[in-house]
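Line by line, the protein sequences give chains A and B. The first sequence finishes on residue 305 if you use our numbering, and the numbering steps up by one all the way, no holes. The second sequence finishes on residue 1208 if you use our numbering, and the numbering steps up by one all the way, no holes.
By construction, these hints were calculated from the structure, which means they are not laboratory data. All values reported here derive from a predicted model rather than from experimental measurement. Heads up, the beta-carbon is just placed ideally off N, CA and C, and yes, glycines get one too. One or more hints might be untrue.
As the list claims (entries may be wrong) - Covered stretches of chain A (in silico footprint by chain B; criterion: 3 or more residues with CB under 8 Å from a CB of chain B, positions within the stretch not fixed):
hint: 1; region: 111 to 118
hint: 2; region: 146 to 152
hint: 3; region: 179 to 191
Stated by the list, open to error - The calculated lysine-lysine pairs, modelled on PhoX-like cross-linking and capped at a C-alpha distance of 20 Å, are:
hint: 4; chain 1: A; residue 1: K154; chain 2: B; residue 2: K1178
hint: 5; chain 1: B; residue 1: K1141; chain 2: A; residue 2: K285
hint: 6; chain 1: A; residue 1: K285; chain 2: B; residue 2: K1140
Unchecked claim - Here are a few chain B residues that sit away from chain A, every Cβ distance over 12 Å (derived from the structure):
hint: 7; residue: P1065
hint: 8; residue: D1076
hint: 9; residue: N1095
hint: 10; residue: C1105
hint: 11; residue: Q1113
hint: 12; residue: D1115
hint: 13; residue: H1118
hint: 14; residue: S1123
hint: 15; residue: E1126
hint: 16; residue: C1137
hint: 17; residue: R1153
hint: 18; residue: K1161
hint: 19; residue: E1181
hint: 20; residue: Q1193
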Amino acid sequence: MKNPERGARGASRREFLKTAGAGLGAVAGVPGAAQGFDLESFFQRHFRELTQEDLDDLLLRLEQKYSKQYRKPVQVGAIGPNDGVVFGYGLDISRCIGCRRCVYACIEENNQSRDPEIHWIRVLEYEREHAVRSIDPDEGNPFYDHDLVPAEGKLYLPVACQQCENPPCVAACPTQATWQEPDGIVVIDYDWCIGCRYCMAACPYGARHFNWREPEIPAEEINPDTHIIGNRPRPHGVVEKCTFCIQRTRKGRYPACVEACPVGARKFGNLLDPESEIRYLLEHKRTFALKAELATNPRFFYFYG
Amino acid sequence: MPSQGAGAGGIGPGGPRAPWVLLAVVILAFVMLAVAGGPLALRTERPYPSRPLGLEPEPALLPPPPIDDEYFPCEDCHEEESADPKVRELDEHDNIELAHGDLWCLDCHDADQRDLLHLSDASPVEMAESWRLCTRCHAKKIPDWRAGVHGKRTGHWRGPKEYWTCVVCHDPHSPLFKPLEPRPPPKRASEIQLRIYGEQEETSDEEP
Chain A
1 MKNPERGARG ASRREFLKTA GAGLGAVAGV PGAAQGFDLE SFFQRHFREL
51 TQEDLDDLLL RLEQKYSKQY RKPVQVGAIG PNDGVVFGYG LDISRCIGCR
101 RCVYACIEEN NQSRDPEIHW IRVLEYEREH AVRSIDPDEG NPFYDHDLVP
151 AEGKLYLPVA CQQCENPPCV AACPTQATWQ EPDGIVVIDY DWCIGCRYCM
201 AACPYGARHF NWREPEIPAE EINPDTHIIG NRPRPHGVVE KCTFCIQRTR
251 KGRYPACVEA CPVGARKFGN LLDPESEIRY LLEHKRTFAL KAELATNPRF
301 FYFYG
Chain B
1001 MPSQGAGAGG IGPGGPRAPW VLLAVVILAF VMLAVAGGPL ALRTERPYPS
1051 RPLGLEPEPA LLPPPPIDDE YFPCEDCHEE ESADPKVREL DEHDNIELAH
1101 GDLWCLDCHD ADQRDLLHLS DASPVEMAES WRLCTRCHAK KIPDWRAGVH
1151 GKRTGHWRGP KEYWTCVVCH DPHSPLFKPL EPRPPPKRAS EIQLRIYGEQ
1201 EETSDEEP
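Start from the sequences and build out the full structure, keeping to the hints where you can.
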């Protein structure tokens, strides 16, 4: 055990676990409850309190674990936010045709469980006439199945994490396992998440997903370029969601969904850069946010191109 | 390294003219590897000086896939001055279905130099630079495209990127975007729960 001493947050997590265990039968996937108790990750400090040395150790330990598990070299990085960058996303709903190329590009890039299936992006289908008046993400149909899209008279709305400026999920987390980074990305420390799913209940967009079981990803499909608070393989019993492809975007690349979109409906950039495409569309296009009345202030903007 | 964007980019399979697009990406990646980080050379010889896009720095353009050998060079068949300007049913080129406003072939293709396209002032445009032709009638789209808001850019939001040119997405002869086969829908929650609980007795006492 490298790090037996516990921080103040560690104590509060233990307290919470006790009460949660007594009061809430429904806390599923408490690490150690269902699977073998992993002392090392249980006593690990919160991500933001790790010293450089602890972090290096942790990354190395994870790389070894995953490389063995998936029988190929897996890198686990921890690249931090860039100065002067706050990410924003734009989605042109007048172009989206509902083909779901983004959904699967995301699954592959971000090592989502194939079975049981987890999709960070849901593409919702609406009657075009209704949708013109108001688009409610609780109403669309994600299960549409046509031979060809777009289907006549339909409109499509892809929804994933809205990377809110005021994220209700962060406020709901009892263990501070989820927080907002300086570049606006809301992340999750999978070693601190206790799987209580309060954040899922708090998210108005249904954007958080729970690993009910050990996620399954075929070794040949693992994306070996991972980030510690991003797309590294997740353990059983934790919550996960879109991170704007933190492992790509912090290195300057576009998210995988942007590159996969055949109609070019997906836009991404730095909100603080007046020359960026995201600023251009905020200035020149009609934009809206989902459930704007909740004042979550998404940094995910829908627009009409 | 500019090769990252095109090479690793997840250009969706089955997109419009997907095999062509993929081929183009592969070719582009090779070209970029060949110039090893230098300025992106799409074509080495240019018979006409190309006008700059007016962007700093000049972006890399993702050109349309090269035209099939069977049809290019066009001048193999179209010798000079053989053009017939009449709008008519053609005996050749029956793979082309024209559905673009009420345009006719020679509004875009040059009658005398068939390997080229032309603008309204008759100035020539290379096939690989066909986006310049589009600007002639769709000038309103160009600012959005330059800003990366109409069409698509791949690569880096900060760093080298490729601009997809118009005909990568729009068939110039029938430019409406063609419908695609969607990827499979998500499973319903009930099906997923069956996968989770159906075969795992030890967790079945916990309600989903």
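Results for each hint:
no.	hint	result
1	111 to 118	holds (count 3)
2	146 to 152	holds (count 5)
3	179 to 191	violated (count 0)
4	A:K154 with B:K1178	holds, 16 Å
5	B:K1141 with A:K285	holds, 13 Å
6	A:K285 with B:K1140	holds, 14 Å
7	P1065	holds, 15 Å
8	D1076	holds, 33 Å
9	N1095	holds, 21 Å
10	C1105	holds, 27 Å
11	Q1113	holds, 32 Å
12	D1115	holds, 29 Å
13	H1118	holds, 27 Å
14	S1123	holds, 28 Å
15	E1126	holds, 23 Å
16	C1137	holds, 19 Å
17	R1153	violated, 8 Å
18	K1161	violated, 8 Å
19	E1181	violated, 6 Å
20	Q1193	violated, 8 Å
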